Structures are given as structure tokens and as C-alpha cells.
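**Q** If you read the protein sequences in the order shown, they are chains A and B. Each residue of the first sequence is one higher than the one before, counting from 1 in the UniProt record's numbering. Each residue of the second sequence is one higher than the one before, counting from 1 in the UniProt record's numbering.
Quick caveat, the hints were computed from the structure, so don't treat them as lab data. Treat the numbers as computed from the prediction; the structure is a model and nothing was measured. Among the hints, erroneous ones may be present.
To be verified - Which stretches of chain A does chain B cover? Using the computed rule of at least three CB atoms under 8 Å from a CB of chain B, they are: (1) 3–13; (2) 27–38; (3) 74–85; (4) 139–151; (5) 159–165.
Positions of the beta carbon are idealized from the N, C-alpha and C atoms, including for glycine.
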Amino acid sequence: MVEFTLWDILRNLLLATRWTVALSLAAFIGGGLVGLLVLFLRISKARAVRVFAKGYIELFQGTPLLMQLFLAFFGLSLFGVNLPAWLAGGLALILWTAAFLAEIWRGCVEAIHKGQWEASASLGMGRVQQMRHVILPQALRIAIPPTVGFSVQVIKGTALTSIIGFVELTRAGSIVTNATFQPFTVYGLVALIYFALCWPLSKSSQMLERKLNVAHRGH
Amino acid sequence: MRYQFDFGWLPQYWQLLASGIGITVQLILVGAVFGIALAILCAWVRSEGPRWLRPLVAAYVELIRNTPFLIQLFFIFFGLPSLGLQLGELQAANIAMVVNLGAYGCEIIRAGIQATPRGQFEAGASLAMTRLETFRHVVLVPALQRIWPALSSQVVIVMLGSAVVSQIGAEDLTYAASYIQSRNFRAFETYIASTLIYLALAILLRQAMALLGAAIFPRRLAR
């Protein structure tokens, strides 16, 4: 029987943490880009486009992330599209992240006073120009704290890709548990590693909120 | 390759799906009732409770909010038996959901309490209410009313998160779906069907929370 020291366990978990971080970054960046697109659709002037974006957001926010992962991983393979676990997981996470970020950002855009739209329209700006020069710069300031806060949800969301077989932190935890029979220690450590990843982001989100809000009050 | 959709398996497995839906509904009922109760208790401790207890509750809230639900579930189900605490799948799932909603709900309710004007506490005191009575009658109810939409969303999020309890063998809707797709090899249709059921459950749950809110808080909130 092989003996495992605490260091053996921790080293293996930390090695797997790389994949959690990589997947989180991919999901967050990809989700941000798709989310920006959905945001533009969501506040478009054409009703049909708005309804489509709303439906997209409802669908991804109203169903479990696990089901979206299953559909991407098991479902797509029936159409002859065989995705590896990391790609299916990444794809589902990007679409899921996009739905939430689009909705968060919509709130920020709508928090900008209507007069700003009218003022920029009266300067003869087109809709894209209005967004780029007047609305987005102001909305960005409000958007930063909740966006940073949501990144915590993305990191936690990556844990579910373990279920379709991607070896990241959670999956590594299960594998190490099966080898060592020490679930209490292993899952305790896994929880602490996730905490170490997420807590600084939560805290900085709170700090940013306070900081940006104080600046806002000066208006 | 042309793929032929086939939902012909649905009638054959409806009982399995129904029992899965039943477990999911049971999980969220227990989770919501006890989770909100725990959240209120924690919010009370953090704003009014004994000082020595506050850091403990704060640590609980931060720990739960910054770790994945799946890990919390694994820790409770696989980890706690090392301490001699053996739990069944459903018990572990129930506890995980209560603990999870308790932490998120605490922060939401605390925000509602902080939004209550300080004058309300003083008004309660001037009516010779004790601190607990003031909290219960003057502060808590309007605070809950203020944050009810946020709390409702959180309950829906926890319900959707419950899909992972199938990983410890709790026989919820996701468990039923996985079981069915391993029999009929119709992964896409099976998961589409269960995804739509989850969507319907989420919409119904949001409606139910709105109706419950209207029943508990009949009066409009004074600004």
C-alpha cells in the first residue's frame, strides 16, 4: 500500500488547479465577447432581435449549467460532432457566462440617464457612436464591480466540467480521493484552493463597488 | 449525417421522469424553507446578534459563497463520514442546499436590513419594544419585502444548482435523465426534454415566489 503525504495530495491538486484557472479565463473572456454581442442585440431597436436575445438569456439563466454541459458533450456527439470534454465544457461555459454578463451589463447601460442618449443624439451621433463615445464609458464604471463579482461564479461553474470528465481541480479531487481514501482532507483542501481563487475576487469586487460609488457620489 | 429526432421513448419513461421531478421539487421545498430560516438567523446574528458569534457567521458566509456547490456536496457526503457522520444521499443533498442558500440568503437579507432607516429601530424602542421585537416586527418584514425579488432569484439559482446532486446518487431529475439516456442512447432528446422541464420548473418557482411574496407582504412599502 502506497502512503500519501499531505504534500503529495496538495501538489497534485495544485497541478490540476492550472486547468481550472485556464478554463475560467477562457470562459470569462469568451463569455465577455459573446456577452457584449448579446448585450447589443438585447438593447437593439428591432423588436425581433430584442426578443431573440431575451429568449437566449432566459434559456441559459433558467436551466441548470449541468444540463447545458450534458447537451454540449453528449448531445452534440449524436450529430457527428465529437467534442473533447475541455472543448464542450468551454463552449457551454462561454454561452452560459455570456447570458449572465449580457444581463448584468444591460442593467448598467440602463442605469445611464436617458438624457445622455438624447444629448448624444442631438449632436448627430449614430447609435454605435452613442454607445462607443457616451454610454459605454459611463456604463463601464458601474459595470466593473458586478463583472468582477461574477467571475467568481465562473470559477465555481468550471467545477461542473469534472462531471463530463475534464480533469480540473474537482475531478483531480475525486481521483486523489479514490487513491488515498481521505475524502475529508482532499475535499477540504479542494475547497480551500477554490476559496483562495475566489475570495480575492469577491473582496476586490466589494472594494471596487465602494470606491467607484464614492467617486460617483461626487457628481 | 442526417439526425432523426425521436421522442418515442418519453411515454415509456414518464414515471421515472415524474419521480425525478418529485425529488427535485422536494429538494427545493426543504432547501427554501430551512435555507431562508437559516439566512434570517444569520442575518440577525450579523446585524444584532452576540458579538462573539459574528465572525463565525461571517466566515461561514464567505466560505460557502466562494466555493463550488459541488465541492460542498462532496465534502458533506464523502468527507463527513470520516468524522463519524454518515448521511444518506437525499439527506446530504438537503443539507448542502440549506447550507448553501443560508449563506447567500444571509447576505441578501442583510442588505435589506441595512437599507432600513435607523429611525425605525428608534421608533420601535420608543414603543417599548425589546430589541428582538423591534427586529421581528419593525425591521425584518420590510427588509424581507425589499429584497424579496433578489431572494426569489437566489432560490431559483439554488434549484438549478441542485442538478449536481445526481453526482452523489440522489435520484433527482438529472439522475432520471442520465439513467434514461444510458438506456435509450438518445442523449440529445433526453437532455433537451429534461432541460425544458427545468426551465418550466424555474418559471413556476419564480411565479410561486412572487405569489408567496404578495401573500406575506400585503401592504406596499412606505418609502
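**Q** If a hint holds in the structure, say so; if it does not, say that too.
**A** Cross-check of the supplied hints:
1. 3–13: violated (count 0)
2. 27–38: violated (count 0)
3. 74–85: holds (count 7)
4. 139–151: violated (count 0)
5. 159–165: holds (count 4)
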